[in-house]
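Novice: Here are the chains, one letter per residue:
2 protein chains.
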Amino acid sequence: MKWSDLSDNWCPVARTLSVVGDRWTMLVLRDCFLGMSRFEQFIESSGMTRHILADRLKRLVEAGVLERVAYTTTPKRYDYVLTEKGKELAPALLSLRDWGKKHLPVRRATSA
Amino acid sequence: MKWSDLSDNWCPVARTLSVVGDRWTMLVLRDCFLGMSRFEQFIESSGMTRHILADRLKRLVEAGVLERVAYTTTPKRYDYVLTEKGKELAPALLSLRDWGKKHLPVRRATSA
DNA sequence: TTGCCATAGTTCCAAAACGACACTCAATAC
DNA sequence: GTATTGAGTGTCGTTTTGGAACTATGGCAA
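Listed in order, the protein sequences are those of chains A and B. Residues 1 to 112 (the UniProt record's numbering) are what the first sequence spells out, left to right. Residues 1 to 112 (the UniProt record's numbering) are what the second sequence spells out, left to right.
A few of these clues could be false.
[What the hints assert, rightly or not] Once the Cα atoms are required to be at most 30 Å apart in a straight line, the calculated DSS-like pairs of lysine-lysine come out as:
{"no.": "1", "chain 1": "A", "residue 1": "K87", "chain 2": "B", "residue 2": "K76"}
{"no.": "2", "chain 1": "A", "residue 1": "K85", "chain 2": "B", "residue 2": "K87"}
{"no.": "3", "chain 1": "B", "residue 1": "K85", "chain 2": "A", "residue 2": "K101"}
{"no.": "4", "chain 1": "A", "residue 1": "K102", "chain 2": "B", "residue 2": "K2"}
{"no.": "5", "chain 1": "B", "residue 1": "K101", "chain 2": "A", "residue 2": "K101"}
{"no.": "6", "chain 1": "B", "residue 1": "K101", "chain 2": "A", "residue 2": "K87"}
{"no.": "7", "chain 1": "B", "residue 1": "K102", "chain 2": "A", "residue 2": "K101"}
{"no.": "8", "chain 1": "A", "residue 1": "K2", "chain 2": "B", "residue 2": "K87"}
{"no.": "9", "chain 1": "B", "residue 1": "K102", "chain 2": "A", "residue 2": "K85"}
{"no.": "10", "chain 1": "B", "residue 1": "K102", "chain 2": "A", "residue 2": "K58"}
{"no.": "11", "chain 1": "B", "residue 1": "K2", "chain 2": "A", "residue 2": "K58"}
{"no.": "12", "chain 1": "A", "residue 1": "K101", "chain 2": "B", "residue 2": "K87"}
{"no.": "13", "chain 1": "A", "residue 1": "K58", "chain 2": "B", "residue 2": "K101"}
{"no.": "14", "chain 1": "B", "residue 1": "K58", "chain 2": "A", "residue 2": "K87"}
[Stated by the list, open to error] Residues on chain B that point at chain A, a partial pick, calculated with CB under 10 Å:
{"no.": "15", "residue": "F39"}
{"no.": "16", "residue": "P91"}
{"no.": "17", "residue": "L93"}
No wet-lab data here; the hints were simulated from the structure. Remember, predicted model here, so these are calculated numbers, not experimental data. We put the beta carbon where it would ideally sit given N, CA and C, even for glycine.
Working from the sequences, and respecting the hints, build out all of it.
Specialist: Spelled out as structure tokens, the structure:
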């Protein structure tokens, strides 16, 4: 079975994961919750490649988790902001954060 | 930056995702919370390939989220059971479930 | 004692996704 | 003019995935 087939799974966990369950997606959302909204900000903060970020943003907009809001018209540039639907992922992010704080202490500093 | 470099990230969300943030891993944990513990059960329940399941189980055991408990000695066979550390991921799973129930209604039935 | 089944993986290969880096395009800054 | 910034694309080689077949170990049954 392919990952993409999960979107129609009977299980709500699986359906959620079909949206946010791949590499990097949750990190983009974390940055959104931290107040970021622009392409270059996400790149710098998360360390992911531009290629993948473009893909993830597209998916998140399609899923209704983020909204593309133009902030200049020429050239077209957009802020990516959380929708209500997106904001309601906060509890999941917080749970992941708490678990990481408790169970995965930092072993060495990184510059990211 | 590579995905695997996240394990030493300053952000606890990123560190958590380095363990559970890739495709399928959370689904394996969901099945564990539903009471499953064996290879073939995970395969049947999640629809993932054997290959990937073997890899994910190995990583989860290495990460201390699951524990391998022998249930026959010849041949060696194991139950995969949640450790305390693993059980504490429950809030995250529940958050993902709630979000899916609310925001991702099923569009058509599937047999999985 | 040969044959079949079950469990738990492994191996192999093709296809898709990823990672690194260069390049584009529009506008503004110097 | 030339350089810089923001938001991506294009290319290309490397990993990871998906699918199917294969292996290993023992139980059971004819």
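Novice: Evaluate each hint against the coordinates.
Specialist: The hints, checked one at a time:
1. A/K87 with B/K76: Given pair A/K87, B/K76 is violated - Cα atoms ~47 Å apart, limit 30 Å.
2. A/K85 with B/K87: holds (27 Å)
3. B/K85 with A/K101: holds (12 Å)
4. A/K102 with B/K2: holds (24 Å)
5. B/K101 with A/K101: It holds: about 27 Å lies between the C-alpha atoms, which stays within 30 Å.
6. B/K101 with A/K87: OK: B/K101 and A/K87 at ~15 Å, within 30 Å.
7. B/K102 with A/K101: holds (28 Å)
8. A/K2 with B/K87: holds (27 Å)
9. B/K102 with A/K85: holds (9 Å)
10. B/K102 with A/K58: The hint holds at about 22 Å.
11. B/K2 with A/K58: Cα-Cα ~21 Å, so holds.
12. A/K101 with B/K87: holds (15 Å)
13. A/K58 with B/K101: Cα-Cα ~23 Å, so holds.
14. B/K58 with A/K87: violated (34 Å)
15. F39: violated (16 Å)
16. P91: Nearest chain A Cβ about 4 Å off; hint holds.
17. L93: OK, holds: B/L93 within 10 Å of chain A, min 6 Å.
Hint check: violations occur at hints 1, 14, 15; the rest are consistent with the structure.
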